[in-house]
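Given the coordinates of chain A, work out where chain B should sit on it, guided by the hints.
Just so you know, the protein sequences line up as chains A and B, in that order.
Okay, so the first sequence: first residue is 1 according to our numbering, each after it adds one.
Okay, so the second sequence: first residue is 364 according to our numbering, each after it adds one.
Source of the hints: derived by calculation from the structure; they are not laboratory data.
Only true hints are included.
Calculated pairs, EDC-like style, for lysine to aspartate or glutamate (alpha carbon to alpha carbon, straight line, at most 20 Å):
id, chain 1, residue 1, chain 2, residue 2
1, A, Lys172, A, Glu332
2, A, Lys172, B, Glu600
3, A, Lys203, A, Asp193
4, A, Lys345, A, Glu225
5, B, Lys535, A, Glu248
6, B, Lys371, B, Asp498
7, B, Lys535, A, Glu225
8, A, Lys172, B, Glu611
9, A, Lys172, B, Asp587
10, A, Lys172, B, Asp596
11, B, Lys535, A, Asp224
12, B, Lys566, B, Asp556
13, A, Lys172, B, Asp594
14, A, Lys172, A, Glu290
15, B, Lys535, A, Asp233
16, A, Lys172, B, Asp598
17, B, Lys371, B, Glu388
18, B, Lys535, B, Glu686
19, B, Lys535, A, Asp235
20, A, Lys345, A, Asp224
21, B, Lys535, A, Asp231
22, A, Lys203, B, Asp556
23, B, Lys566, A, Asp193
24, B, Lys708, B, Asp587
25, A, Lys345, A, Asp305
26, A, Lys345, A, Glu332
27, B, Lys708, B, Glu430
28, B, Lys535, B, Glu653
29, B, Lys535, A, Glu237
30, B, Lys371, B, Asp493
31, A, Lys172, B, Glu588
There are 2 protein chains.
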Amino acid sequence: MSSSGLVKIEGEFPLALGGSLPEIEIRYEEWGDLTAPADRTVVIMPALSASCHVRSNDDDPSPGWWEEMVGPGLGVDTDRWRVVAASILGAPFGSTSPMTSNPNTGRPWGRDFPQITPADQARCHALLLDHLGLDRVHAVVGASLGGMQALQFAAQFPDRIGRLVSISATGKTTPATVALRRVGRLAIMNDPDYADGHYEPGKLPERGLAVARELGMICYRSRDEFNQRFDWDPDPEGPYTAGSLTYEVERYLNHHGTRFANVFDANCYLLLSRCMDLMDLGAGFRSYAEGVLRITCPCFIVGVDRDILIPPSEQQHLAHLLESHGRDVSFEILPSLFGHDAFLKEYDWFGTRIRTWLGDDVD
Amino acid sequence: MSSSGLVKIEGEFPLALGGSLPEIEIRYEEWGDLTAPADRTVVIMPALSASCHVRSNDDDPSPGWWEEMVGPGLGVDTDRWRVVAASILGAPFGSTSPMTSNPNTGRPWGRDFPQITPADQARCHALLLDHLGLDRVHAVVGASLGGMQALQFAAQFPDRIGRLVSISATGKTTPATVALRRVGRLAIMNDPDYADGHYEPGKLPERGLAVARELGMICYRSRDEFNQRFDWDPDPEGPYTAGSLTYEVERYLNHHGTRFANVFDANCYLLLSRCMDLMDLGAGFRSYAEGVLRITCPCFIVGVDRDILIPPSEQQHLAHLLESHGRDVSFEILPSLFGHDAFLKEYDWFGTRIRTWLGDDVD
Numbered sequence: 001m002s003s004s005g006l007v008k009i010e011g012e013f014p015l016a017l018g019g020s021l022p023e024i025e026i027r028y029e030e031w032g033d034l035t036a037p038a039d040r041t042v043v044i045m046p047a048l049s050a051s052c053h054v055r056s057n058d059d060d061p062s063p064g065w066w067e068e069m070v071g072p073g074l075g076v077d078t079d080r081w082r083v084v085a086a087s088i089l090g091a092p093f094g095s096t097s098p099m100t101s102n103p104n105t106g107r108p109w110g111r112d113f114p115q116i117t118p119a120d121q122a123r124c125h126a127l128l129l130d131h132l133g134l135d136r137v138h139a140v141v142g143a144s145l146g147g148m149q150a151l152q153f154a155a156q157f158p159d160r161i162g163r164l165v166s167i168s169a170t171g172k173t174t175p176a177t178v179a180l181r182r183v184g185r186l187a188i189m190n191d192p193d194y195a196d197g198h199y200e201p202g203k204l205p206e207r208g209l210a211v212a213r214e215l216g217m218i219c220y221r222s223r224d225e226f227n228q229r230f231d232w233d234p235d236p237e238g239p240y241t242a243g244s245l246t247y248e249v250e251r252y253l254n255h256h257g258t259r260f261a262n263v264f265d266a267n268c269y270l271l272l273s274r275c276m277d278l279m280d281l282g283a284g285f286r287s288y289a290e291g292v293l294r295i296t297c298p299c300f301i302v303g304v305d306r307d308i309l310i311p312p313s314e315q316q317h318l319a320h321l322l323e324s325h326g327r328d329v330s331f332e333i334l335p336s337l338f339g340h341d342a343f344l345k346e347y348d349w350f351g352t353r354i355r356t357w358l359g360d361d362v363d
Numbered sequence: 364m365s366s367s368g369l370v371k372i373e374g375e376f377p378l379a380l381g382g383s384l385p386e387i388e389i390r391y392e393e394w395g396d397l398t399a400p401a402d403r404t405v406v407i408m409p410a411l412s413a414s415c416h417v418r419s420n421d422d423d424p425s426p427g428w429w430e431e432m433v434g435p436g437l438g439v440d441t442d443r444w445r446v447v448a449a450s451i452l453g454a455p456f457g458s459t460s461p462m463t464s465n466p467n468t469g470r471p472w473g474r475d476f477p478q479i480t481p482a483d484q485a486r487c488h489a490l491l492l493d494h495l496g497l498d499r500v501h502a503v504v505g506a507s508l509g510g511m512q513a514l515q516f517a518a519q520f521p522d523r524i525g526r527l528v529s530i531s532a533t534g535k536t537t538p539a540t541v542a543l544r545r546v547g548r549l550a551i552m553n554d555p556d557y558a559d560g561h562y563e564p565g566k567l568p569e570r571g572l573a574v575a576r577e578l579g580m581i582c583y584r585s586r587d588e589f590n591q592r593f594d595w596d597p598d599p600e601g602p603y604t605a606g607s608l609t610y611e612v613e614r615y616l617n618h619h620g621t622r623f624a625n626v627f628d629a630n631c632y633l634l635l636s637r638c639m640d641l642m643d644l645g646a647g648f649r650s651y652a653e654g655v656l657r658i659t660c661p662c663f664i665v666g667v668d669r670d671i672l673i674p675p676s677e678q679q680h681l682a683h684l685l686e687s688h689g690r691d692v693s694f695e696i697l698p699s700l701f702g703h704d705a706f707l708k709e710y711d712w713f714g715t716r717i718r719t720w721l722g723d724d725v726d
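With the rest of the complex left out, here is chain A (with noise of 0.2 Å):
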């Protein structure tokens, strides 16, 4: 069974860092035994350029961005589990974003949409699962921006999960993460259609974006799988111009940046850009032990070596500091030439590791 649908959640949505947002509308989709109870429920949060289509369903047969992971028989397994997946708060998948309208003006929200944070994106994922009267569930799991939800969850709900898994993900953003998302946010912003974030529907800061995505693949991916991968040798016919195409990484990087730049919104990719850099489980506390040390539930964290975007030292030391106080953790490096986004690649890997820490029973 699968089904989907948008709630519309009313009333005023306070936001982290101050502000709100006057109502909020989340859309989602389930597979499963749709009238399984909470316990028997796990949550996959999507990351930055995924929405809640995690597999195919009847409502939409095509390839969902997890099909490999989440199914009958699969890491995420439909036979067992209930699966519950919501499109991120600000991502341009049918939740309220940018792209969405302000009740309180008639129009898109665009530029003018009130920054928001991962604390913010798991309170909305909150909210569905009381929409749905799933009080505590059995496990949330994400990967990248959807790991950093997936630990906030577990920070601020510590009665309502089971178990978690947390893939690629940081507790707190560092310096060196910021300059990278920083670059990328200003080639959007420095395209003259990028128009300080009113830009026209037919002229769209497509360049800008391109450039994002392009530094944004270099990111979730690793020297090692490009050098194995792409011809060393430039194009024996030229042209040797700076702004060729001369390598063949160049044509990969400017497929993936033209095919971006024309299904994701500018504005909603600014916003959860410096979303991921305001990441911090420590903020408004005293320290960020004490605001990790909110998570309770056992959790598996998983890093990868050649995650250049958010290494694996990250995830360690999060894990660690769980561990040195009492939390059941487990903590696994994956090696892997796919880098942050060996979530989208290893799935033998994942799928085995997940299946088990799900367990087979209810907690």
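Relative to chain A, chain B alone:
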């Protein structure tokens, strides 16, 4: 003693990728005993953003870019060696480049400057040495693009070099590094003020250049340095928007990006960026090894552990290849927070080793 000059070398200068320049001019500086013979001469080859002003001199008392490495009693001891440095072909520092006049048209080359490679730049250095009457120099020293030129010089002119010091350079650029440079180039070419290379003097593509430089700064340093050096928390005053300078690291990058964009010519940057992509000691040979093994002199090859632009594995591969064919190679990996830029920061380490490597006696 010190001296500086501009030498015009008449006659066609053929280029590695085909075509030629009608003539070239080379700007250079010298220090030490300017009457010393070739075998008492050390040649310094500059990197992308460095001129021939390696250290202060009578004509220009401002500090040079390697002031702490070259001078009396320093790593390259001007009491012991005659030191020569040329501004490199294609850079905006006085030698022939997109900023200088095309003798065929009387106007600056601009974007019509033909694409060069480090092999061409090395042949410029050789022409300068011809002009100065220096046949076989004691040593050639370079880092980053300077190290690539040094390798190319040693490969093309094995009889003209006694010893080689190549730091943080590669024998052949990898796709992973092409990818990073491409993103910087794209940011410049997307700037509407770039005007397809025909930008006007008062309207330079400064924003695009700043993005390229910001990405450059990230690649020149290391995650560890950024994470140790900069505040991890956002400015408590905010603002927290995508475009604001919310984190200290953003203010740092913005400062360096803006400063660079005010002094570096965009067409020169694009030319030199692609020039480094095209670094390949094997170009025109049956194999990379065959091209590399033209180098016969003793080599001191250095990589830096945290170099994310040209990682130490690339220097190691080069050193092993030379060593396995009987060349006299000293290879070291320097552990340094400063990554690719270590040659501009770790003066004690490099000074001691380069001084030792250059020896006391002429070859």
